[in-house]
Amino acid sequence: MAKLEHPSRLEETWRLRNTVVSSLEQILDDLQRQVQESSFQELVEFLDGFFPGRAPRPEWTASLERFAELLWAWLPAETMAKLEAEYAGRTGPIWEPVAHKFGVENGKALAARRWQPHDARRFAIVLR
Amino acid sequence: MTSATRDHEALSELILSADYRGAATQFTDMYLAGAPAAAMMRTTVDTVAPHVQAPSHLMQLADGRIRGVNFDHTILGWRASMKLAERLGEKAGLLPLTQAIWYVPQGLNVWDQILCKFPGHYARDQEQCDARDGVGADEHAFDGPAWQPVETYFPDLEPRREGSANAQIHEMTDAIRSGRREDGYALFLGLAREKEHREALKEATLFAGIIDIQDTLIDRGAYQNIGHKALRARAMIELADEVGWENGHGMFYSVIPDLGSAPQLHALWQSASKLVESQFPGSWQTLKQDNRDPLTERELEETIDVILWGEQRDVLAHITKRLLQGKALLAIGDAVAVSYSRYIADIADHPNAPFVPGHAFDYCNVIHHWIRTYDNPHQAKAIYLEACFVNDVIRVNKQFPRDPGLGYEPANFVDWAEALPIRDILAKLSDSIRDQDGSRAMALVDSYLARTDERANLMATVAFGACRFQNDPHIQRQAISMYEEWEANRTSQRDHIIRSSAKYASHCIKRSTEFGGYDLYRSKFGG
Numbered sequence: 000m001a002k003l004e005h006p007s008r009l010e011e012t013w014r015l016r017n018t019v020v021s022s023l024e025q026i027l028d029d030l031q032r033q034v035q036e037s038s039f040q041e042l043v044e045f046l047d048g049f050f051p052g053r054a055p056r057p058e059w060t061a062s063l064e065r066f067a068e069l070l071w072a073w074l075p076a077e078t079m080a081k082l083e084a085e086y087a088g089r090t091g092p093i094w095e096p097v098a099h100k101f102g103v104e105n106g107k108a109l110a111a112r113r114w115q116p117h118d119a120r121r122f123a124i125v126l127r
Numbered sequence: 000m001t002s003a004t005r006d007h008e009a010l011s012e013l014i015l016s017a018d019y020r021g022a023a024t025q026f027t028d029m030y031l032a033g034a035p036a037a038a039m040m041r042t043t044v045d046t047v048a049p050h051v052q053a054p055s056h057l058m059q060l061a062d063g064r065i066r067g068v069n070f071d072h073t074i075l076g077w078r079a080s081m082k083l084a085e086r087l088g089e090k091a092g093l094l095p096l097t098q099a100i101w102y103v104p105q106g107l108n109v110w111d112q113i114l115c116k117f118p119g120h121y122a123r124d125q126e127q128c129d130a131r132d133g134v135g136a137d138e139h140a141f142d143g144p145a146w147q148p149v150e151t152y153f154p155d156l157e158p159r160r161e162g163s164a165n166a167q168i169h170e171m172t173d174a175i176r177s178g179r180r181e182d183g184y185a186l187f188l189g190l191a192r193e194k195e196h197r198e199a200l201k202e203a204t205l206f207a208g209i210i211d212i213q214d215t216l217i218d219r220g221a222y223q224n225i226g227h228k229a230l231r232a233r234a235m236i237e238l239a240d241e242v243g244w245e246n247g248h249g250m251f252y253s254v255i256p257d258l259g260s261a262p263q264l265h266a267l268w269q270s271a272s273k274l275v276e277s278q279f280p281g282s283w284q285t286l287k288q289d290n291r292d293p294l295t296e297r298e299l300e301e302t303i304d305v306i307l308w309g310e311q312r313d314v315l316a317h318i319t320k321r322l323l324q325g326k327a328l329l330a331i332g333d334a335v336a337v338s339y340s341r342y343i344a345d346i347a348d349h350p351n352a353p354f355v356p357g358h359a360f361d362y363c364n365v366i367h368h369w370i371r372t373y374d375n376p377h378q379a380k381a382i383y384l385e386a387c388f389v390n391d392v393i394r395v396n397k398q399f400p401r402d403p404g405l406g407y408e409p410a411n412f413v414d415w416a417e418a419l420p421i422r423d424i425l426a427k428l429s430d431s432i433r434d435q436d437g438s439r440a441m442a443l444v445d446s447y448l449a450r451t452d453e454r455a456n457l458m459a460t461v462a463f464g465a466c467r468f469q470n471d472p473h474i475q476r477q478a479i480s481m482y483e484e485w486e487a488n489r490t491s492q493r494d495h496i497i498r499s500s501a502k503y504a505s506h507c508i509k510r511s512t513e514f515g516g517y518d519l520y521r522s523k524f525g526g
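Residue numbers (numbering that gives the first Met the number 0), protein chains in the order written: chain W, 0 to 127; chain P, 0 to 526.
Be aware that one or more of the hints could be misleading.
[Stated by the list, open to error] DMTMM-like cross-link-like pairs, simulated, lysine to aspartate or glutamate; straight-line CA separation at most 25 Å:
| no. | chain 1 | residue 1 | chain 2 | residue 2 |
| --- | --- | --- | --- | --- |
| 1 | P | K287 | P | D173 |
| 2 | W | K81 | W | E68 |
| 3 | W | K107 | P | E408 |
| 4 | W | K107 | P | D348 |
| 5 | P | K509 | P | E483 |
| 6 | P | K320 | W | E95 |
| 7 | W | K107 | W | E68 |
| 8 | P | K320 | P | D289 |
| 9 | W | K107 | P | D518 |
| 10 | P | K523 | P | D434 |
| 11 | P | K90 | P | D62 |
| 12 | P | K194 | P | D182 |
| 13 | P | K509 | W | E95 |
| 14 | P | K509 | P | E408 |
| 15 | P | K427 | P | D518 |
| 16 | W | K107 | P | D402 |
| 17 | P | K509 | P | D402 |
| 18 | W | K107 | P | D436 |
| 19 | W | K81 | W | D118 |
| 20 | W | K81 | P | D402 |
| 21 | P | K523 | P | D18 |
| 22 | P | K320 | P | E310 |
| 23 | P | K90 | P | D240 |
| 24 | P | K116 | P | D129 |
| 25 | W | K107 | P | D414 |
| 26 | P | K194 | P | D218 |
| 27 | P | K287 | P | E237 |
[As the list claims (entries may be wrong)] If you want the footprint, here are the derived chain W segments under chain P, 3+ residues with CB under 8 Å:
| no. | segment |
| --- | --- |
| 28 | 36–48 |
| 29 | 97–109 |
Honestly, the hints are just simulated from the structure, not real lab data. No experiment lies behind these values; they were computed from the predicted model shown. C-beta atoms are modelled at their ideal positions from N, C-alpha and C, and glycine is treated no differently.
Input sequences plus hints: build the corresponding full structure.
Shown next, in the form of structure tokens:
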């Protein structure tokens with residue numbers, strides 16, 4: 000059986016990178032559609048699944064940070080304000096930082112940091 | 000009775016009555032009158048030793064739930080403060096000593112404090128006993144003084160001596176590990192008198208403390224000790240060395256019975272043992288001698304990445320990989336210490352975030368001291384323990400959502416710090432620590448580190464600034480760990496240790512932000 004020839008390691012890894020880009024963009028496009036099509040209650044139920052006791056492990060909880068960044072880019076200000084009110088109304092120290100994530104100050108700060116080169120299909124996304 | 004004897008008795012009485020202001024004043028007055036600090040430290044440890052034993056570190060509540068019971072910290076305060084005093088010099092060194100005695104009367108009988116039956120900082124601050132119905136004698140009851148004698152939960156024992164020293168050490172560590180507290184303590188006392196076996200006894204005591212560590216804190220509640228058994232074992236040894244082991248009974252009584260207390264946590268130790276013994280059959284006992292290579296810069300970054308971002312199974316596998324590559328135990332340990340430091344300095348931002356990880360750093364420090372000072376064939380396993388502990392506390396913090404409302408933004412103060420003349424930086428840093436302004440403090444530290452190679456004054460500023468804060472010996476403990484680990488660390492990234500300590504001092508939540516102890520120090524010593 001003939002052996003496959005390897006391209007250079009650099010070329011091989013760049014090929015992998017481009018393959019993953021395509022997959023990841025499809026995932027993000029789909030996530031954006033699902034977020035925008037979700038009802039407010041569905042969003043809250045999903046967000047509640049990030050918290051200890053419901054999240055499968057700490058890394059899932061920590062990914063809330065990244066999800067909140069996406070919500071600020073994909074949802075209208077009034078939905079974000081409703082989310083802030085939802086978590087500000089809960090008792091317990093864990094909810095206050097969550098409410099702050101959906102507060103307008105954080106939205107402004109994230110928007111100011113958002114980076115999208117003019118030739119890029121979408122803004123830069125932090126993975127974890 | 001001599002005047003000196005009367006002074007020491009008065010100090011003991013003030014401590015036992017939980018009068019921390021009175022005891023600290025007595026201590027500082029005695030020092031000014033010429034009493035040696037070590038002798039007064041011994042008096043305080045002897046005084047509290049019968050009253051720092053908890054029946055267990057698990058307490059069953061009336062409804063059947065189980066809660067944790069804090070460990071005694073009085074001895075941690077003394078060990079850290081005596082060591083810091085040597086570093087900070089004659090005058091500044093009196094501040095950590097003042098904080099140690101300020102703490103001692105507030106740290107008696109933690110079990111009863113939790114039940115709101117005795118005053119102290121746990122009853123007053125942690126349990127908020129003054130606010131509970133039907134327990135306060137008056138409005139400030141839990142600030143002291145005591146209204147009843149302090150309880151003893153573990154009566155002192157006679158020394159026991161049987162068989163060879165090696166056999167007795169084996170039996171002692173087995174008793175401690177299996178929770179036979181009386182046996183472990185009596186066997187320790189029997190050997191403590193024999194100078195020729197002292198080093199072996201010290202090493203075995205550290206070993207017993209180190210291997211008792213939780214596998215995880217995630218969703219475990221009270222089933223943890225966050226390294227206190229190891230920290231207290233080291234404190235006991237070094238304080239007994241300070242006063243001479245013939246005078247060290249109070250230290251032994253404070254620490255050894257508690258080493259065998261519940262919960263006993265040896266699951267992670269077993270995992271590390273199984274891994275090492277399966278990967279290095281017949282050679283795991285000599286890994287310390289056989290493995291001598293440092294980590295390259297790239298390997299250092301890889302190890303840091305796994306500890307910061309991996310899960311426990313990744314960490315366990317990674318440590319095995321490094322050992323198989325022939326990396327020296329302390330080279331890996333140095334990388335673990337840098338991992339912790341980078342996490343605290345650059346990733347953790349909530350003031351609560353450094354509190355438990357600070358314990359993991361101190362635990363690393365004890366393990367590194369153990370490896371540097373003694374030989375034990377099991378030492379390679381301890382590298383797994385410290386790496387997993389640091390990784391675990393980082394993962395635990397991931398369970399708490401980041402709060403963008405904190406306002407912790409060192410980047411906002413970079414230009415401000417850069418514009419200051421370097422001669423002003425340390426004074427500003429001291430102010431920032433005092434004001435708990437972590438953003439400015441970190442901008443200042445980073446500016447200083449970039450502009451000069453001077454480190455001794457920087458560390459002294461961080462340590463002294465931290466020592467202004469009272470009621471938590473871990474603050475002093477963390478400062479001395481900074482010194483020891485920075486001095487011993489052989490990586491190119493050791494300055495992160497200073498950065499993390501500055502963050503801990505300036506930004507980590509404090510048990511108290513009052514300055515009663517510091518004010519006493521200034522009034523007595525003019526600091």
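Exercise. Within a Cα-Cα threshold of 25 Å, do K509 of chain P and E408 of chain P meet the stated pairing?
Worked result: Given pair K509 of chain P, E408 of chain P holds - Cα atoms ~20 Å apart, limit 25 Å.
Problem set entry | Restraint status (C-alpha distance of K523 of chain P to D18 of chain P at most 25 Å) | Since the Cα atoms of K523 of chain P and D18 of chain P sit roughly 18 Å apart, the hinted pair holds (cutoff 25 Å).
For this session: For the pair we were handed, K287 of chain P and E237 of chain P, check the Cα-Cα distance against 25 Å.
Result: Answer holds: K287 of chain P to E237 of chain P is near 24 Å, not above 25 Å.
For this session: Could you grab the alpha-carbon distance between K107 of chain W and D518 of chain P and see if it respects the 25 Å cut-off?
Result: Violated, at about 43 Å.
For this session: Verify the proposed pairing of K523 of chain P with D434 of chain P, using a straight-line Cα cut of 25 Å.
Result: Answer holds: K523 of chain P to D434 of chain P is near 23 Å, not above 25 Å.
Exercise. Does the alpha-carbon distance linking K194 of chain P and D218 of chain P stay inside the 25 Å limit?
Worked result: violated, 44 Å
Problem set entry | Holds or violated: K107 of chain W to E68 of chain W, with C-alpha atoms at most 25 Å apart | holds, 11 Å
Exercise. When you check the alpha-carbon spacing of K107 of chain W and D402 of chain P, does it fall within 25 Å?
Worked result: holds, 15 Å
Exercise. Taken at face value, is the distance from the CA of E95 of chain W to the CA of K509 of chain P at most 25 Å?
Worked result: Satisfied, since the Cα-Cα distance of roughly 20 Å is no more than 25 Å.
Problem set entry | 25 Å Cα cutoff - pair K116 of chain P, D129 of chain P | This hinted pair holds, its Cα atoms lying about 11 Å apart.
Problem set entry | Pair hint outcome, K107 of chain W versus D348 of chain P [Cα-Cα no greater than 25 Å] | Given pair K107 of chain W, D348 of chain P holds - Cα atoms ~20 Å apart, limit 25 Å.
Problem set entry | Within 8 Å of chain P's CB atoms, at least three CB atoms from the segment 97–109 of chain W: coverage verdict | holds (count 7)
The structure fails to meet hints 6, 9, 11, 19, 26 and 28 from the earlier list, while all remaining hints are met.
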